[in-house]
Structure formats: structure tokens, C-alpha cells
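S.K.: Can you make the complete structure from the sequences, with help from the hints?
As you go down the protein sequences, you meet chains A and B in turn.
Per this note's numbering, the first sequence starts with residue 1, numbered consecutively.
Per this note's numbering, the second sequence starts with residue 1001, numbered consecutively.
Treat the hints as calculated values from the structure; they're not laboratory data.
Don't take every hint at face value.
Stated by the list, open to error - Okay, the calculated beta carbon distance ranges per label pair:
id : chain 1 : residue 1 : chain 2 : residue 2 : range
1  : B       : Thr1165   : A       : Ile92     : 37 to 47 Å
2  : B       : Val1196   : A       : Ile92     : 44 to 54 Å
3  : B       : Gln1195   : A       : Leu71     : 55 to 65 Å
4  : A       : Leu71     : B       : Val1162   : 23 to 33 Å
5  : A       : Gln278    : B       : Phe1160   : 45 to 55 Å
6  : A       : Phe125    : B       : Phe1067   : 23 to 33 Å
7  : B       : Leu1030   : A       : Ala179    : 19 to 29 Å
8  : B       : Val1162   : A       : Val273    : 33 to 43 Å
Unchecked claim - Derived lysine-lysine pairs resembling DSBU-like cross-links, with alpha carbons at most 30 Å apart:
id : chain 1 : residue 1 : chain 2 : residue 2
9  : B       : Lys1151   : A       : Lys60
10 : B       : Lys1207   : B       : Lys1114
11 : B       : Lys1151   : A       : Lys249
Where a beta carbon is used, it is the ideal one built from N, C-alpha and C, also for glycine.
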Amino acid sequence: MSAVITREEATKAPTGLQPPRKKRRWTSFVLPVYSALVILYLILPILIMILYGFNASGPKRVSFRWLGFSLYGYSHLFAKPDLTAALKNSLIIAVVSTIIATALGTLIALALVRYRFRARTASDFVLFLNIAAPEIVLGASLLSLFVTFGVPRGMGTIIISHVMFNIAYVTVTVRARLAGFDRHLEEAAQDLGAGPWSTFLKVTLPLIWPGVLAGGLLAFALSIDDFVITNFNAGTAQTFPLWVYGAVKVGIPPQVFVMGTLIFAVGVLIAVVNVFAQRRKA
Amino acid sequence: MEQRVAARVQLVSKPRTRLGRRLAPYLLMLPGGLWLLIFFLIPILFMLSVSLQTGNLEEGFRQSWHFSRYIDVFNQYRPQFIRSFAFGSIATAITLVVAYPLAYWIAFHGGRHKTTFLFLLLLPFFVSFVIRTLAWQFILSDNGIVLGTLKSWHLLPHTFHVLATRTAVISGIAYNFLPFMALPLYVALERIDRQVVEAASDLYASKREVFLRVIFPLSIPGVFAGVLLTFVPAVGDYVNAAILGGTNTTMIGNIIQLEYLQNFHYPVAAALSFILMFVLLIGIFLYARVLGTRNIEEYV
Chain A
1 MSAVITREEA
11 TKAPTGLQPP
21 RKKRRWTSFV
31 LPVYSALVIL
41 YLILPILIMI
51 LYGFNASGPK
61 RVSFRWLGFS
71 LYGYSHLFAK
81 PDLTAALKNS
91 LIIAVVSTII
101 ATALGTLIAL
111 ALVRYRFRAR
121 TASDFVLFLN
131 IAAPEIVLGA
141 SLLSLFVTFG
151 VPRGMGTIII
161 SHVMFNIAYV
171 TVTVRARLAG
181 FDRHLEEAAQ
191 DLGAGPWSTF
201 LKVTLPLIWP
211 GVLAGGLLAF
221 ALSIDDFVIT
231 NFNAGTAQTF
241 PLWVYGAVKV
251 GIPPQVFVMG
261 TLIFAVGVLI
271 AVVNVFAQRR
281 KA
Chain B
1001 MEQRVAARVQ
1011 LVSKPRTRLG
1021 RRLAPYLLML
1031 PGGLWLLIFF
1041 LIPILFMLSV
1051 SLQTGNLEEG
1061 FRQSWHFSRY
1071 IDVFNQYRPQ
1081 FIRSFAFGSI
1091 ATAITLVVAY
1101 PLAYWIAFHG
1111 GRHKTTFLFL
1121 LLLPFFVSFV
1131 IRTLAWQFIL
1141 SDNGIVLGTL
1151 KSWHLLPHTF
1161 HVLATRTAVI
1171 SGIAYNFLPF
1181 MALPLYVALE
1191 RIDRQVVEAA
1201 SDLYASKREV
1211 FLRVIFPLSI
1221 PGVFAGVLLT
1231 FVPAVGDYVN
1241 AAILGGTNTT
1251 MIGNIIQLEY
1261 LQNFHYPVAA
1271 ALSFILMFVL
1281 LIGIFLYARV
1291 LGTRNIEEYV
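M.R.: Right under this line is the structure:
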């Protein structure tokens, strides 16, 4: 609230001070409350997931009703072997595909930011197309490729598909952070006699590291949670989201919500730590 | 200035690097570009090719160039197409209406905590899509913690039932794609030059006029981008319909998944998903025509 009288107040003052002041205060509450409600709405399913991980409905399936508080899901986290195996697959796929996608995506981002070359607009378009295209099209078309060449679907094809959709996200993230990159630092290093490799390792990489890390974390999160593209290219292999989807009609065991909660918690923790670490560096 | 430094660097360094400097961008793009080419662009062409084949899993497929397949497929699944477009449109409209005020508030009144609010907006993405939709199944279940409590307080009739209805599916789609709409809107609103807004106020525009005649028109590129990024994936979604819907809410995505993974009718499935891709391309083309090609990548 400013101490200065607005034009509206000044012109309305003769008709009485109370109504205009009340109206100003009321309307200035609407947007923040609305935004809080929307954010609450966004978070609601997460809260339900966390809450129902504690639902005391037994080992087979989580019931829709709230039946009391229990730590069964946490104490018997690995009681279901196929679910645990699916989770392990998800982690392996996420680690491998993140490393590859981050490397490839960073290289592309470097090329796009630092150089002006003919293929640049086309590359921008391809990257945008990759991100905007519905996952079902990405997954189905890749499956068409595998089917045409008789490639058996399994962990390998899943990793290929994850790298495919993650490259664009890494590129976009790294590129955003590269915007303020000062090329003179690199050229100064070269002026001082550093070859291209040393320049890259000792000057470029440390400078772009925050962006690369952010891109990598994004790729990891997207990979662990991906469902549609994985569904099309998995064959008989199982990942965590695939397993959950398969269990929807049968019954969701409590471990699913617990694992979801833990993945969420770890993800948030890493993101928050990342933000604080960057603020400290700056 | 940069040219002088660059020229000096070229004099000092070995002659080999001059060629390296020209090839550098292409070399950098090579591994990633190749990956995208082989596993993203070319598969789309393969999908086109598969859609024009005939045959089945036992006998094998052969290229038959039946372009009429597209028309046949569209007629065969017309209810699902119409339903998907309807659900997608409604869900996109809902996300636009819900997200716009939020994006406006964060952009104009977020202040120092803008990043925190954006982080909160992205929080759902830390949980898998499937689990989020599953959680909605729990929220909307007849006697779960939400509806059950409301019913026991007699705020809702005991026969109130929302799972397996169109409402549930549309709400699920709207929820899941809300950030896809909110982020481009935020980017567009953030970018509006505050001095222009101030100038409008200085010229005696009321707050409503400032919004309707300055802020909203300037945010239209973001609206368009948000609609594009929300509508096309929403139409192709099938998880919401599968988890929250029933037998009369199947969408085109469910059909594509069914034909690909259970029936192995690859040509039909490929034709369907190509139609979806085509709609996206039309959307991008329209955006480029109406608003210019420069900006669309920035909204991602």
C-alpha cells in the first residue's frame, strides 16, 4: 500500500472516504488468495500421495478410504520384488540416459550460443518440435522405427528413447544459463597460451557447470517419471511408472505411494540444495 | 573489438585451428544432432511409411501407399477424435482461465520471491505423471478422504459420483497440463516492459483499461504458445482417460496405444498418431504466420 493518494482516490474523495478505501483493500486481496488457492490445488495430489503412503489398509492395496495411520509401507518398502526391480530399472535408465543426454545437449547448447551458422534456425525448430510434440507421437514413431527394423524392445530401447527426448530439455536449460557467458574469458585463456582442450576443461566447463547441472537434474527427473514414451518402447521391461500404471486396475500396494514420496522428497531436496549452492557461489 | 581479439588469437595459435573454428559448431552439434536425427526425425518418417502399409503381424507388412487409410481411420474412430478434441479444448480453456491470473500475479506482484513461486508451480513435476493422476483417482473416489468427508458433512449427496465421467477426465487433463499453460503465460507477462504499463497509467487509463488494452494484448504471444503447448499434448493424452475415465470416455490416445501395443495394427495406429502430429504442425504454422517465427522457441 502506498502512502501516495492515487488518482482514483483523489477524484472520488468528495463522495466519501470509506467506500473507495474498502474497495481498494478488498481487490488487492483477491489475486494473492486466488494464487495461493491455485498453488494449493497444484500441490493437492502430492499431499494425497504422501498421506496415503501412511494409510493402514494392509499390504495388498491401498484403500480409497482412510483407515488409520500405519508405517507398513515404509517398514516393508522392498517387500514386492517386481516393484523393487521396476524401481531399480528406472534408476539405472535415468542415470545412463541422463549422462548421455546431458553431454549431447550441452554440446548442442554450446554450438547454438557461441556460433552463428547456417543450420541454426533449423536446429532451433527441431528442438522446439521435440519439446512441443505430444509424447505419444514421439513414442509411437520411435516404436515404428524399431518395428520396421525388427529391433527387440527392452532396457536398451528405453534408454535410447529417454536420451532422445531429454537432449532438447538439456539444451534449452543450458542455453538459458549460457546467455551471460563471457567469451572474452576463453579468448584470454587462449591468449595466455592454453590449447583448445585446456581452455575447455579449465575455463569453459567450470563456468557453464551450474547450467549443465541444472539440465542434468531436469533430465534425471523427466526420465524417472516418464510414462508414455517408455510405455511404447519398453517391450517386456518394467519401469516404476509402467508398473504403477499396470497396477491401477488391480490395486496399488502402499509401497508405490511411499516410493513416490521418497523420489519426490529427494528431488525437492536436490533442487533446493542446488539453488542454495548457486546463491553461495554468486 | 571481438574481431581484433579473434584476429590476434588466430595469429598466435596454430593454423589448424582456423579450420577447426569454422567446423566447430557442426562438430559440437554432431553427436546430439545425429541422435535426434536417427531417433526423432527419421522415426516420424518411418511412422508415415508404416501408416501406408498393409498386412498384419503374422504375414508381415508391405508398402501399399493406401492414402485412403487416413480417411478410413478418421471415419472409423471419429467419436474418439471428436471426443479428444472436445476434451482437449475444454481442458485447455480451463487451464488458460485458471493459469492466467496466477501467471499475472507472479509476474507483476511476485517481487523477490518469484523463483520460489515458479518452483512451487513446477513442484508437481517431481512426482510421476502416473502417480499424480492416480492421486486424483483417490481424491475423486466416492468415499475417499475428500468426497467421503464432504459427504459425511452432508455437503454432497451420498450418490455423488464423479469417477469414470467426462468431468473427471477433463479435470485430470486440466490439472496435469496447468504448468504447461502457466509457464509461457508467465514468460510473456514477465517480458512486458513495465514502463509501457506505467505510461498507460500516466495517460489516465484505469487499472481495467491498462489490463485490457495494454497488458493483455502484449501477452497474446504467450497465450498462443501456451495454448499450443497444452492443446496438442492434451488431445493425445490417454493416461487420464485410462485412470480416471470409464468405457465411454476413451480418447484417441487410448486407441493409438491399443492398436500399437495390444492389437499390433501398426498401420492404423501409425496413421492415427501421424494425424496428431499433423495437427501440431498446423498449429505451429499458424503461430508462425500470425505472430512471427522468432519467438516461439523462447516460450519453452
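S.K.: Hint by hint, which ones does the structure fall short of?
M.R.: none
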